[in-house]
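**Student:** Protein chains in written order, with numbering that gives the first Met the number 0: chain W, 0 to 691; chain Z, 0 to 307.
In case anyone wonders, no lab produced these hints; they're calculated from the structure.
Each hint should be verified, as a subset may be incorrect.
[Said to hold, decoys possible] A partial selection of chain Z residues facing chain W, derived with a Cβ cut-off under 10 Å: (1) Q217; (2) L237; (3) F302.
Only a predicted model underlies this, so the values are computations on that prediction, with no experimental measurement involved.
Beta carbons are placed, not taken as given, at the ideal position from N, Cα and C, and that holds for glycine.
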Amino acid sequence: MKQQWWIGYGAVALTVTGLALTVTPAAGQSALAGYSLRVTSADDGPVQPDEGLTLREAVELANGTLTPEQLSEAEQAFVQPLPTGQGSQIDFDLPMGQTTIALVDLLPEITAPELVIDGTTQAGYDASAGLDPKFPPAPVVSLTVAEGSEVARGLTIAADGVTVRGLSLYGFRTSDRATQTTPPADIFISALAPPVDASPLSPALDLFRLDQPEAQPRGVVIEQNWLGLPPNGEFPVVPSAFGVNVFNAVETTIRNNRIQNHDGSAIITGFRADGLQVSENAIIGNGLAGMPDAIRLEGAIAGSAITDNLICANDGSGIYLFKPEGATQISGNAIQYNGRRFERAAVYLMGNDHQLSDNFIGYQPGPGVAVTAYPLSLRNQIRGNRYAGLDGLSIDLNTQGNTGVQDFQKGDGPNPPRNSYHRRRETGNAAINSPQFDDYSFVSGAAEVTLTGTADPGTEVDLYRVAEDGFPYSPLSEPLGTVTASPEGTFSASLALPPGTRVSAIASDPEWGTSEPAPVAAVLAADGTLPELPATPVDLPNCAAPVPPPEPVEPPPPLEPLVLTVPRNIHFALDRSDISPESAVILDQIAEVMLEYPFLTVELHGHTDPRASAAYNLALSERRSLAARNYLIQEGVPPERMRIVPFGETQRRSEGSGRVEYARDRRVEFVFTDVRGLDIIFVDQEADLQLE
Amino acid sequence: MRRNQRQLYRGLLFLLTLVLSYCLSHIGPPSTVAQAQSRVFVNQAAAQFDGPAGPVTVTSNETRVGENIVPLSIVKTADRAAAEPGDVVVYRLLVTNPSSRAANPLTITDQLPRGLIYVPNSVQTTPLQPTQQVITDSSLTLTFPSLEPGASVSIAYGVLITPDAVRGDGRNVAQASAPGFSPVSAPFQLTIRPGIVADCGTILGRVFVDKNFDGQQQPGEPGVPNAVIFMDDGNRILTDPDGLFSLANVLPGYRVGTLDLYSLPGYTLAPNLYRIEDNSASRFVRLSPGGLGRMNFAVTPTFGEEQS
Numbered sequence: 000m001k002q003q004w005w006i007g008y009g010a011v012a013l014t015v016t017g018l019a020l021t022v023t024p025a026a027g028q029s030a031l032a033g034y035s036l037r038v039t040s041a042d043d044g045p046v047q048p049d050e051g052l053t054l055r056e057a058v059e060l061a062n063g064t065l066t067p068e069q070l071s072e073a074e075q076a077f078v079q080p081l082p083t084g085q086g087s088q089i090d091f092d093l094p095m096g097q098t099t100i101a102l103v104d105l106l107p108e109i110t111a112p113e114l115v116i117d118g119t120t121q122a123g124y125d126a127s128a129g130l131d132p133k134f135p136p137a138p139v140v141s142l143t144v145a146e147g148s149e150v151a152r153g154l155t156i157a158a159d160g161v162t163v164r165g166l167s168l169y170g171f172r173t174s175d176r177a178t179q180t181t182p183p184a185d186i187f188i189s190a191l192a193p194p195v196d197a198s199p200l201s202p203a204l205d206l207f208r209l210d211q212p213e214a215q216p217r218g219v220v221i222e223q224n225w226l227g228l229p230p231n232g233e234f235p236v237v238p239s240a241f242g243v244n245v246f247n248a249v250e251t252t253i254r255n256n257r258i259q260n261h262d263g264s265a266i267i268t269g270f271r272a273d274g275l276q277v278s279e280n281a282i283i284g285n286g287l288a289g290m291p292d293a294i295r296l297e298g299a300i301a302g303s304a305i306t307d308n309l310i311c312a313n314d315g316s317g318i319y320l321f322k323p324e325g326a327t328q329i330s331g332n333a334i335q336y337n338g339r340r341f342e343r344a345a346v347y348l349m350g351n352d353h354q355l356s357d358n359f360i361g362y363q364p365g366p367g368v369a370v371t372a373y374p375l376s377l378r379n380q381i382r383g384n385r386y387a388g389l390d391g392l393s394i395d396l397n398t399q400g401n402t403g404v405q406d407f408q409k410g411d412g413p414n415p416p417r418n419s420y421h422r423r424r425e426t427g428n429a430a431i432n433s434p435q436f437d438d439y440s441f442v443s444g445a446a447e448v449t450l451t452g453t454a455d456p457g458t459e460v461d462l463y464r465v466a467e468d469g470f471p472y473s474p475l476s477e478p479l480g481t482v483t484a485s486p487e488g489t490f491s492a493s494l495a496l497p498p499g500t501r502v503s504a505i506a507s508d509p510e511w512g513t514s515e516p517a518p519v520a521a522v523l524a525a526d527g528t529l530p531e532l533p534a535t536p537v538d539l540p541n542c543a544a545p546v547p548p549p550e551p552v553e554p555p556p557p558l559e560p561l562v563l564t565v566p567r568n569i570h571f572a573l574d575r576s577d578i579s580p581e582s583a584v585i586l587d588q589i590a591e592v593m594l595e596y597p598f599l600t601v602e603l604h605g606h607t608d609p610r611a612s613a614a615y616n617l618a619l620s621e622r623r624s625l626a627a628r629n630y631l632i633q634e635g636v637p638p639e640r641m642r643i644v645p646f647g648e649t650q651r652r653s654e655g656s657g658r659v660e661y662a663r664d665r666r667v668e669f670v671f672t673d674v675r676g677l678d679i680i681f682v683d684q685e686a687d688l689q690l691e
Numbered sequence: 000m001r002r003n004q005r006q007l008y009r010g011l012l013f014l015l016t017l018v019l020s021y022c023l024s025h026i027g028p029p030s031t032v033a034q035a036q037s038r039v040f041v042n043q044a045a046a047q048f049d050g051p052a053g054p055v056t057v058t059s060n061e062t063r064v065g066e067n068i069v070p071l072s073i074v075k076t077a078d079r080a081a082a083e084p085g086d087v088v089v090y091r092l093l094v095t096n097p098s099s100r101a102a103n104p105l106t107i108t109d110q111l112p113r114g115l116i117y118v119p120n121s122v123q124t125t126p127l128q129p130t131q132q133v134i135t136d137s138s139l140t141l142t143f144p145s146l147e148p149g150a151s152v153s154i155a156y157g158v159l160i161t162p163d164a165v166r167g168d169g170r171n172v173a174q175a176s177a178p179g180f181s182p183v184s185a186p187f188q189l190t191i192r193p194g195i196v197a198d199c200g201t202i203l204g205r206v207f208v209d210k211n212f213d214g215q216q217q218p219g220e221p222g223v224p225n226a227v228i229f230m231d232d233g234n235r236i237l238t239d240p241d242g243l244f245s246l247a248n249v250l251p252g253y254r255v256g257t258l259d260l261y262s263l264p265g266y267t268l269a270p271n272l273y274r275i276e277d278n279s280a281s282r283f284v285r286l287s288p289g290g291l292g293r294m295n296f297a298v299t300p301t302f303g304e305e306q307s
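So here's chain W without its partners, still in its complex pose (with noise of 0.2 Å):
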């Protein structure tokens, strides 16, 4: 109730400060006073004349709702004005220890041009503690929400220019209601954000403006924070729904930001997002319990790009198009680990034009790459992509115009060659033909190999070296060199490469795009046999931030079966999915056991008894299998090592009706996995079964 009327407060403030705009169109940017404002107050309630200044106050001066003369004397000397056109700066010098600031109410939109807010000036700010600048260092200054108290949004920003820096926001979130509420997020970038449900104490609606262009923010800079964690690196006790929603703003930059632990989506656009700009940063762990997708683009998106972030470990796809218009580029990102929840894409494209470049997608339980065939999507460029560990083609351009579900997350599989022109109207890159070579084998000759096969005419034929074998369909592990198709759609590359490699291609054409792999060949040694060639080393989940000195190398242990003596099971009460003070010990040691050992990897697969639908079966199991998950990772085990795979009533524990066997029916059983390839021995418990 109180939130509503500071919005209601903010939209007043904002409707004068937008007559003024009217009337001096011009001048209306340049007349607003800057200040350099010192926050010297974690407190947070209404705005009074007292000892600090508070972060709402601050921004009250910037925003130009608040005068220097209803302070008191002692608030006043933390504020200083600047040159006129200079925009306000608001640094940080809480006393030590309090450097948490705790809202109990959504803070004033942010409306004043150029503001920068900047937790770097806070004292014990390590500016030389991050050694990767996708993983800033830990920032000193936290907001986030006060015991009891409910904020939807941490900043939400309206004004050309602003800065936010080396902030952490964490808690932001709404709790569930009557009517649904507009998405809550840590930094909400808007021209007037939408408020946040429909009270009757709302502002009115025609200040909700999407389609002005000029009143879109232009220019937002949200850099060096952390959002979603608090600077302990904690899980915290209220996860933020979404990092950052660029509702409605052109050319943000959000840069060397890790943003973790979100029960949406990390960055996630709406309306309008031009020229957003994505660069170098630490996207963990977010669609926990909402949006799964990690990066999210939706609406306008024209001239964005995805540049040399680390997004791992999140819950569905490490970047999804969502019917966008406009294009993006995407390169030079790690996108790893990565639909922990949903078996989806790594990077799931719909619309024109996108180009997806040197990246490393890898360790994903779907398709490296996906595009739809509706809406129909040409001429995206994939080339020069590394890919490993995938459940489905590196690249899987969806044809015929399949729109099933499955279609919109993992994609449709290998498709055949083209027989009609009309695939092209179906399929997406227009159904470019992926090369075919003309033989499974080729045998070496003295120093090199000559591959040759078909293709489209004219197309521009990427060879890549396969590393995992098994699948005709491997993941591309490594560009090899480019050739071009002959008119007559044949090509021909002769490769210096050693006996035993296993050769994969893909074609692209700049008016079509880029198509699926070709299935695998292998080179041959001369006298026609395959050899072995040495396994490679085993890629240990992990997306942790770089550990500052170089470890001393340990000598590797010999690999052995390990023995665990760890609990395979948990049980729950009927309909229910919360865990049981019971089931917390057992879940603390597994959570031991995780830690440590870090090559295990562990799937959570939910049951159910066989009581109720299929489908609400299905539904419970998987909150089990998230409760249970959610509890392992505030014990600290990375997300990255976990998968949740519901069952629902599909495999029963036992065979009878009685109440000990539903008992036992309703668990959540862990499936580990050693990354080494060997075997683990468990335990089954029942010191936690709940008879109903």
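Assemble the complex: chain W is given as a structure, and chain Z must be docked to it using the hints.
**Tutor:** Same frame as chain W, but now just chain Z:
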């Protein structure tokens, strides 16, 4: 001057006549109920005015209070008790004047229920012929000059049952009236069977990502494919790749549909900041027979799925 005075005189005289006739009809012994029943009060008004051809007197009809007039009788029948769209029903009316006075003039009206229309030129009357006949699609008015005491008139007409009739009640009422008689009416209830004509309606709608939270789809608000809508009768509908759906052959009546949020992971119903009703999780439409209903669902990216 004199002329004016004379005119004033005449006006006064006219007023006096009116007042006197009014008073005369009321002067008399104080009447009791018993006396009133045995007596008949005849009242007739007259007015006189100066026309161009000298004074003219007009008199009204007589009203008789206390006279025990036997009312008209009206009987209505049809050639069938049940009908379905496409049938022609022949109605017959018999109006009799059992009183001792002539019904002058006699007016007969017939009001048809929804979906029944007169067959043109199908009215036949015996033995009298109407002086005036007003027929619209759903009503019939016949005027006869006079119905003598003891006489009767028979009227027959044809009515066509249209498919709309299934929405009406099939009950039509004929009425006969004449000055001095209290009106009488006769209903006839026809059972309307649906026949071979379907009255199913269509429901259509869309599921889309609402960016401005007004519940309407505008440019830049993409439809959500493969969303599931459940109807009250268990029908499960899947949206197409543009987020549209339509459901043909829906029985008319009140229909409820709701969005299965499990089918669109990552989305939930969007708040509607303009209409409180649209914040509901289900949509309620009143589908008229053969009508069109609309169910739009606005969704928005969600969080906190573990709460509910």
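**Student:** All hints are to be evaluated individually against the structure, with a verdict given for each.
**Tutor:** A quick look at each hint next to the structure:
Residue-level restraint check for Q217 of chain Z holds (minimum Cβ-Cβ distance to chain W is 9 Å; threshold 10 Å). Residue-level restraint check for L237 of chain Z holds (minimum Cβ-Cβ distance to chain W is 9 Å; threshold 10 Å). The beta carbon of F302 of chain Z is positioned within 10 Å of a beta carbon in chain W (closest approach about 4 Å), and the interface hint is therefore held.
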